Each structure stands twice: as structure tokens, then as C-alpha cells.
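**Student:** Here the structure of chain A is known, so what remains is to put chain B in place on it, guided by the hints.
2 protein chains.
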Amino acid sequence: MVDETLFDYLHMSIVEHYNNENESDVETASAYLSQIGYRVGYSLSERLSKDNARYRDELDTVKYLCKELWICLFKRQVDNLRTNHQGVYVIHDGRFRLLQQTLTTMNKPIDSNNRLHTLYIAYSNGLLRGILTNMGYPCRVTAEIVDFGVRFQIEVNPVVGQK
Amino acid sequence: MVDETLFDYLHMSIVEHYNNENESDVETASAYLSQIGYRVGYSLSERLSKDNARYRDELDTVKYLCKELWICLFKRQVDNLRTNHQGVYVIHDGRFRLLQQTLTTMNKPIDSNNRLHTLYIAYSNGLLRGILTNMGYPCRVTAEIVDFGVRFQIEVNPVVGQK
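Which chain is which? The protein sequence lines are A and B, in order. Add 13 to the 1-based position in the first sequence for this note's numbering, that's all there is to it. Add 13 to the 1-based position in the second sequence for this note's numbering, that's all there is to it.
Okay, chain A solo, but in the shape it has when bound:
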């Protein structure tokens, strides 16, 4: 048994908890989970900034997130990163670990039309927002389930992402 398992179970447990508490209101539950993720991301980022050189450039920061950080957070690199070079980044992770783990353990099939599934990625959504915000890039993050993975869209914007 490793720490990874403890984390996974805790993540699943809070997802289930909010799922049960707000069964009829997925948006409220997602917002809570996203807030929790935001706080974790913000704190992590503070810790990381002590260990790493500052990534000043916006694109460099997103690349750092997709390479080094993604491995720490989600145990693999992203499959694809695209940008319009105007502050919008689309990250595709074709086997998004937290979603897959959660569904496998809960013994549920992946169904991108299932509204409840958004709960399984809401924490990660907030996590990315918290990390980037603390790195100097307040942003809006949305996510959708695509096949077996997740596509995150990040819109860097100094206004929307602020707390």
C-alpha cells in the first residue's frame, strides 16, 4: 500500500461525499470540489516555487505544468498541448488517472454524457487553476470527458481567475 492509494481513496471519498450531499445539484458539488482543488494547487505551487526556478513566460509555465508537474500529479505526461498563442491552452490527457481510478474503483463505466462524471474531474480542474494562479497566471479552467480521457481548456486571464 502506498501513499498514492491513500490519496486516491481520499479523493474518491470526497467525490462520493459531495455526490451524496448534492445529488440533485451537480454544479454546487463541482464548485465545492473545485474550491478544494484550488486550495491544494495554490499551496502546492507555493512549495514548488521554493524548489524550482521561476517560470516567467506564460507558455513555459504551461509546458512545465504539462511535463514535470503532470507526472507528479497524475503519473503521466499529457498527450497533447495546443495553444492559440492568445492565452488559451488545450491539454488532452487520453488516460486521465484520477477519472479512471475513480470509475474503476467505483466499478462504473466511462460515460461522457453522465453529468456525475464531472464531479470526478472537478477537483483536478481547481487544482490546475490554483497552481497557475499562484504562478502568476490567474485563469479559468474548464474540462470535458473525451473517450477515455479528459480535455482541459485553460484561459489565462488576469481578471477571471482571481480569488
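Derived by calculation from the structure, the hints in this document are not laboratory data. Model, not experiment: these values are computed from the prediction. Each hint should be verified, as a subset may be incorrect.
Cut-off 30 Å, straight-line C-alpha distance, at most; resulting in silico cross-link-like pairs (BS3-like, lysine-lysine) [to be verified]:
1) A/K88 <-> B/K63
2) B/K80 <-> B/K63
3) B/K63 <-> B/K76
4) B/K88 <-> A/K63
5) B/K63 <-> A/K121
6) B/K121 <-> B/K88
Now the stretches of chain B that chain A is said to cover, found in silico as 3 or more residues with beta-carbon under 8 Å [what the hints assert, rightly or not]:
7) 24 to 34
8) 49 to 55
C-beta: ideal position from N, C-alpha, C; glycine also.
**Tutor:** Coordinates of chain B only, in the frame set by chain A:
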């Protein structure tokens, strides 16, 4: 950055979240956190039971919890285990990791009279209850902060611990 950090931050984040949400009602917040811990403990226990021989005896089960499991869960062994041989076990961990990490990161001193501190051990409380319940020993778990550590009292009872 390791998985341990991710877990710690997530734990702290949910503690903070419930702390803010139920500022005037520590009992409700503690109950929520304990339920989340219970669910994690119950699931973990199911996974553990696949890998380990079944501990049939009550005392053996508690000893297994205090030795092998405690290291996985809290990164050290307990300092002391006492029992009245009638289903009551008192476990003392003189440097309880989740409490210390939380207080250190939040930059707060340990204060056993601070009611909010019970929030920092509520998750662990439920965790122990979930593990033992799934191992066949439904129980009540209470905890108090003693000096720099935590003293958990487990009362094994087939009635009270049931979901």
C-alpha cells in the same frame, strides 16, 4: 514532490474547507470529516484484506493496525498500545503526523484546548473506525490531543460501530 505531499495538502484542504463552512459548529464539521475517513478506511481495508492473511483475533487485528498499518497511514509506529482485554484499546502516538503537518503548514501552535484542533484528527478517527469495522470489529473511536500527539481510544462493540 511526492504523493505524500498531495495527500497532506488534500487532507488540509478539506479540513480548512469544513472549518470555514461550519465555523460555529465544530461537531458537524468533525462528523463530516469522520465520515469521509470512515469511507476511506473501509475501502482501504477491503483492499488490504486481499493482500494479507485474515487477522481473526481482535487483539491481533489491533496490533496489526498499530504496527504495519500505522506506518503506511501515518509514517511511524505507535508509541504505546494499552488494552483492558475487554474490548477497549488506547493507542498513543506521541507525534501524530497528520496533526503536526497540518499545524505546521497552517503555521499554528499545538493547543489541546483549541476546539478546532479536533478537526485535524477527525478524519483519522473515522479512518481507524472504517478499517476496523471492515475487518470485522465495529467500534467507536474517540481521540484527544495530548502534548504533541494524539491518544485514540477504541471501543470494540458489535452494535455501536455499525453504519
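**Student:** Now tell me if each hint is right for this structure.
**Tutor:** Now for the hints, and whether the structure bears them out:
For the hint linking A/K88 to B/K63, the alpha-carbon distance of about 24 Å falls within 30 Å, and the restraint holds. In summary, the hint linking B/K80 to B/K63 is supported, as the alpha carbons are separated by about 18 Å, within the 30 Å threshold. In summary, the hint linking B/K63 to B/K76 is supported, as the alpha carbons are separated by about 19 Å, within the 30 Å threshold. Of the pairs offered as hints, the one joining B/K88 and A/K63 holds, with about 24 Å between alpha carbons and a cut-off of 30 Å not exceeded.
For the proposed pair B/K63 and A/K121, the alpha carbon gap of about 21 Å is at most 30 Å, so the pair holds. Taking the CA atoms of B/K121 and B/K88, the gap is near 22 Å; set against the 30 Å cutoff, the hint holds. Counting residues of the segment 24 to 34 of chain B whose beta carbon lies closer than 8 Å to any beta carbon of chain A gives 6, which reaches the threshold of three, so the coverage claim holds. Counting residues of the segment 49 to 55 of chain B whose beta carbon lies closer than 8 Å to any beta carbon of chain A gives 4, which reaches the threshold of three, so the coverage claim holds.
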